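Put together the whole structure using the sequences plus the hints.
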Amino acid sequence: MLTLSNVSKSFPGVKALSGMQLDVRAGEIHALVGENGAGKSTLTKIIAGVYQPDEGQIEFDGEIAHWATPGAAKAAGIHVIYQEFVLFPHMTVAENIFIGHERRGAFGLVDHRQTRKDAVELLHRLGVDIDPDRRVVELSVADQQMVEIAKAMVHKVKLLILDEPTAVISGKEVELLFQRLQALRADGVGIIYISHRLEEIFEICDRVTVLKDGQFVASHPTAEVDRDRLVSLMVGRDMQELFPPKADPATIGAVVLEARGVVAAGRVRGASISLRAGEVTALAGMVGSGRTELALAIFGGLEMTEGEVVIGGQTFRKMTPAKAIAQGIGLLTEDRKGQGLAMLLDVASNITAADLDAVSRWGLVDRRQEDAIARAEITAYQIACRGPQNPVVTMSGGNQQKVLVSRWARTCRKVLILDEPTRGVDVGAKAEIYRIMREMAAKGIAVLMISSELPEVIGMADRVVVMREGMIGGELSGDQISEERIMQVATQKIAA
Amino acid sequence: MSHAVEPNLSGMASGAEATRAWLQRYALHLSLLVMIVLSAAISPSFLSGGNVSNMLLQAAPLGMVVIGQVFVILVRGLDLSVASVMATAAVVATSFSGQDGDAPVIFALALAIGLGTGLVNGLLVAKRNVSPFLATLATMIVLQGMRSAWTQGAPSGNVPPVFRILGSGAIYGVPYNLIITAVLAVIFSVLLAKSTFGRKVYITGGNPVTARLLGIPADGVTILCYVISGVLAALAGLILSGFVGIVDNWVGRGFEIDSIVAAVMGGVALSGGRGTIAGGLVGAAILIVVFNAVLQLGLPIQMQIIIKGVVIVIAAAFYMRRKAG
Amino acid sequence: MTVIRTRAQSEFLRRNGSQIIVVGLLVVLAIVGVLVSDRFASVNNIMNILEQSVTLAIVSLGQTLTVLTGGIDLSVGSLISLASVLLSGITNGDPAMVFPAIMIVLALGICVGLLNAAAVIWLKVHPLIVTLGMGAALQGVTLLYTMGPAGKMPLGFDVLAYGRFLGLPVGAVITVALFLGTAFFLRYARFGRYVYAIGDDAVGAQLMGLPRAKVLLFVYAFSGFMAALTAIFLVSRFGVGQPYTGANFTLTSITPVVVGGTLLAGGRGGVIGTLLGVYLVSLLNNVLNYMDISSHYQLIVQGLIVIIAVSVYVEKKRKL
Chain W
1 MLTLSNVSKS FPGVKALSGM QLDVRAGEIH ALVGENGAGK STLTKIIAGV
51 YQPDEGQIEF DGEIAHWATP GAAKAAGIHV IYQEFVLFPH MTVAENIFIG
101 HERRGAFGLV DHRQTRKDAV ELLHRLGVDI DPDRRVVELS VADQQMVEIA
151 KAMVHKVKLL ILDEPTAVIS GKEVELLFQR LQALRADGVG IIYISHRLEE
201 IFEICDRVTV LKDGQFVASH PTAEVDRDRL VSLMVGRDMQ ELFPPKADPA
251 TIGAVVLEAR GVVAAGRVRG ASISLRAGEV TALAGMVGSG RTELALAIFG
301 GLEMTEGEVV IGGQTFRKMT PAKAIAQGIG LLTEDRKGQG LAMLLDVASN
351 ITAADLDAVS RWGLVDRRQE DAIARAEITA YQIACRGPQN PVVTMSGGNQ
401 QKVLVSRWAR TCRKVLILDE PTRGVDVGAK AEIYRIMREM AAKGIAVLMI
451 SSELPEVIGM ADRVVVMREG MIGGELSGDQ ISEERIMQVA TQKIAA
Chain R
1 MSHAVEPNLS GMASGAEATR AWLQRYALHL SLLVMIVLSA AISPSFLSGG
51 NVSNMLLQAA PLGMVVIGQV FVILVRGLDL SVASVMATAA VVATSFSGQD
101 GDAPVIFALA LAIGLGTGLV NGLLVAKRNV SPFLATLATM IVLQGMRSAW
151 TQGAPSGNVP PVFRILGSGA IYGVPYNLII TAVLAVIFSV LLAKSTFGRK
201 VYITGGNPVT ARLLGIPADG VTILCYVISG VLAALAGLIL SGFVGIVDNW
251 VGRGFEIDSI VAAVMGGVAL SGGRGTIAGG LVGAAILIVV FNAVLQLGLP
301 IQMQIIIKGV VIVIAAAFYM RRKAG
Chain D
1 MTVIRTRAQS EFLRRNGSQI IVVGLLVVLA IVGVLVSDRF ASVNNIMNIL
51 EQSVTLAIVS LGQTLTVLTG GIDLSVGSLI SLASVLLSGI TNGDPAMVFP
101 AIMIVLALGI CVGLLNAAAV IWLKVHPLIV TLGMGAALQG VTLLYTMGPA
151 GKMPLGFDVL AYGRFLGLPV GAVITVALFL GTAFFLRYAR FGRYVYAIGD
201 DAVGAQLMGL PRAKVLLFVY AFSGFMAALT AIFLVSRFGV GQPYTGANFT
251 LTSITPVVVG GTLLAGGRGG VIGTLLGVYL VSLLNNVLNY MDISSHYQLI
301 VQGLIVIIAV SVYVEKKRKL
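Residue numbers (UniProt numbering), protein chains in the order written: chain W, 1 to 496; chain R, 1 to 325; chain D, 1 to 320.
It should be emphasised that the hints constitute simulated quantities derived from the structure, not laboratory data.
No experiment lies behind these values; they were computed from the predicted model shown.
It is possible that part of the hints are untrue.
Chain W side only, calculated, beta carbon under 7 Å to chain R, not exhaustive [said to hold, decoys possible]:
hint : residue
1    : G301
2    : P321
3    : A322
4    : I325
5    : Q339
6    : A342
7    : L344
8    : A353
9    : L356
10   : G363
11   : L364
12   : V365
13   : Q369
Listing some non-contacts, in silico: residues in chain W with all C-beta distances to chain D over 12 Å [as the list claims (entries may be wrong)]:
hint : residue
14   : M1
15   : G49
16   : G100
17   : D129
18   : L230
19   : R367
20   : I373
For every residue, glycine included, the Cβ atom is placed at its ideal position computed from N, Cα and C.
Spelled out as structure tokens, the structure:
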């Protein structure tokens, strides 16, 4: 029902998709897999009419389609559940479910009672118990996800696209979701299912298409491939080649940072973690388990309501980024654009942003010294750019990430925290970032990596700390580190 | 995606592209030049000494306010209170005996008003998270009320002579007020472009979350920007009071809009983090030239306002397009 | 989108709280008024307050909708000025011209609004800049048309400003009807819901295929229309249109909107809050008059009200 042939799309500085092909049949669940940055979300947005392809052709329901707007794609019967939900936070659940398809009564007026009734029924069919009168802003993330799914069921969908739908839900909710998807499949709806969790793909999908670096790699019935084959298709080479050797246990030093009983942002509920010099520790767990918030709290980016951070012989109950930086902690945030880079500034300014004082005298920035530093870093990290004055906004994701890595590598003397450091980064930059992490560790720095990519966790970590519902669920090291063990710890319910 | 190990030179512009990039970069300066040439061609008196000196006299107070406005806009703000601060400073200037001996007191009082207003604006915006538009609107109204309460609606009194000289005098044809503005422009340009504070302004405006995570006191930086704007507006008010000589409650009327228009025309992005003082000043120069050309060309004076309205939308659209392209 | 997770839970209480606060303040002011002067509670004075609040109410009604979409309309003041001089200029004392002049003026308001919206949508310029520019241009046009009072209205046109309907001021009745109608529209028309949706999450609205362009065209045209209507009432009151008659409305029209609990960021609030805000401002001025407080101080009070209102209703700060 949906066929894409030779679809390409470029953005300034990046070729996001080239020569992409995809075909999805009515009544199948079609998995789309690829590493972060492989082009899955661009592809999704092209199908949804958000972007228009530069080249290539889309055929939907036997006709050539040109969707100029998301509205046009919706009208054609395409519904997307984005990873970042499209919900109106201050409207009610019922209103959100029926937005664009309001239940109407006399004179075409919105019938709020009917809307509410239908919403109750829909939510009931989904098997969830959500008050339709609550504002979406007040719901948990899992409930918001359910509202998104309810929304999809309102529309006469022919093609449903789900982008990482299970990233924020677990257990029973996943079961419910799968039941709904199977019912939709039986009704002849075509479903594109994007997920990182390969086991889900084998569980529910009929076929799988692999993307890498914006290009089509392969398409197979799920029955005909196995897990390892899928991973190597996604990565493009044997995963093991990417990772530098792990640390010799003998080189791992003393604890340099200890966080005790941290409570923050309602997401971290008493987590303790200690980091050792020379060790790469991975913080694993599901999205929403509080990993990012724990890192932010340690760095002072989120207020710690309880708990303390011990570093350099000092105990901090109130941490701030300024203190953290002074103590030699670096934090590479998950959201490169939103929380990391000053996008409009150039490479040099971004590299020195965390230690401006080092390149300034009497309050004035020594631009020459700054340039020299930037040039050295550009060479050292092989950052592709036009020079220190290149605004970072025009650079590719991988190179932007290297700018951030270089920023923190310069300032962190004790602890480097990296939150999803390889998200949206190509394989070359990935290997580079792994190498840098190892180098930092070898210099005696404690490295903490937050990652959702299990192969990466397994390939890099000397020790894995698994978070679950805002607490530390368990710790694995050495031979204990395996995908199964990590998932097991991450998803098991905490005993009451 | 690029795997380049060598610095990527593919982004380097070819000849034609370079020309286009250059044109885009200097579109503002070129349009100023074109406007001057056109005006001069049509009206010979445009470039006469008297007219040029008149334009420079007018440009000085506006330029001063624009400098402050640029700081505020860079941190994603907007300062509507500048005109009210100017008028209040001017009212203060006439509230004494009208002798030079009062100048220091007047000076100190005016600066205190500018500083206080900027502080309140900044605190409301940074600490209370009030939208800059509303915060500065409110202080504007309050100042207006305080001013007319103080003067009982009818200001009287004289501006001390020294302000008259600073506001309307000239040396070798260069107005004093322009010299003051030029000096301030250089000082604040250095502050913005070269100092760590300036860098923090750009980072805070470009991305406040990033700024906070870098340990930059984003709130403090924001507040300081509003204070700079308030203080410069107070100075401009004193200078302007010396220029017009008599003071009513509305000295500086329209300066809030004009300074925002100049900054936007000069490429300072309302979304923050992008723009320079030089750009804002060129914007101000264009505004003054346009206003003057309207008169020189014998067009009705009302055309000044109409053109201003049209120009700001076009300028904003131009920068939007450039950002998208 | 994802920010919702960190937003405050108390939002709901806070939202309705704003109207409760305003009603409470109205009551307090009324009590102060009664204590200050025995003429305060007279029918005459109440009628007076109702009559005087009409123009502010109508222009603020239009403003509320633009603010709900996350925009603003700074062209209303100049539009009111232009519409008022055109109305009395075109009519020029001829009763036969009153109706055509009103039609022309209302059409002008709609056209100006459509132009504003067009620039916001297709030039992608921020509404603040668009309407600021439009305001300047309109003021210039107004002054080109006339530098002083223009024309005059025939006798009897003051019925809008001073007439009575069932013993109530005509203008006040129309005002309340307009507010109720708009409140009904916002609640029960699809378009009304989209006004909120667009203000709540503009990107989301686009992804959901909501008709953003149509909604914005409507909202700014509505605001323009209301500004023109305001001009009609002003001319009715003064008997003639003047070129600066609307100047103050640009900013004062925003006060009742924010005092009534509508957030400048859009998506939350409503017109009933605005009406309460209008009455709060009018009642305050009235009471201050009875207290013999000069109009100079009234300005200070008004500014302080804005400061207090906006600091009370601020959005929860997004610390990361």
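So, going through the hints one by one against the coordinates:
no. : hint : result
1   : G301 : holds, 5 Å
2   : P321 : holds, 4 Å
3   : A322 : holds, 3 Å
4   : I325 : holds, 5 Å
5   : Q339 : holds, 5 Å
6   : A342 : holds, 4 Å
7   : L344 : holds, 5 Å
8   : A353 : holds, 5 Å
9   : L356 : holds, 5 Å
10  : G363 : holds, 5 Å
11  : L364 : holds, 5 Å
12  : V365 : holds, 6 Å
13  : Q369 : violated, 13 Å
14  : M1   : holds, 20 Å
15  : G49  : violated, 8 Å
16  : G100 : violated, 5 Å
17  : D129 : holds, 19 Å
18  : L230 : holds, 29 Å
19  : R367 : holds, 31 Å
20  : I373 : holds, 28 Å
Hint compliance for this structure: hints 13, 15, 16 are not met, and every other hint is.
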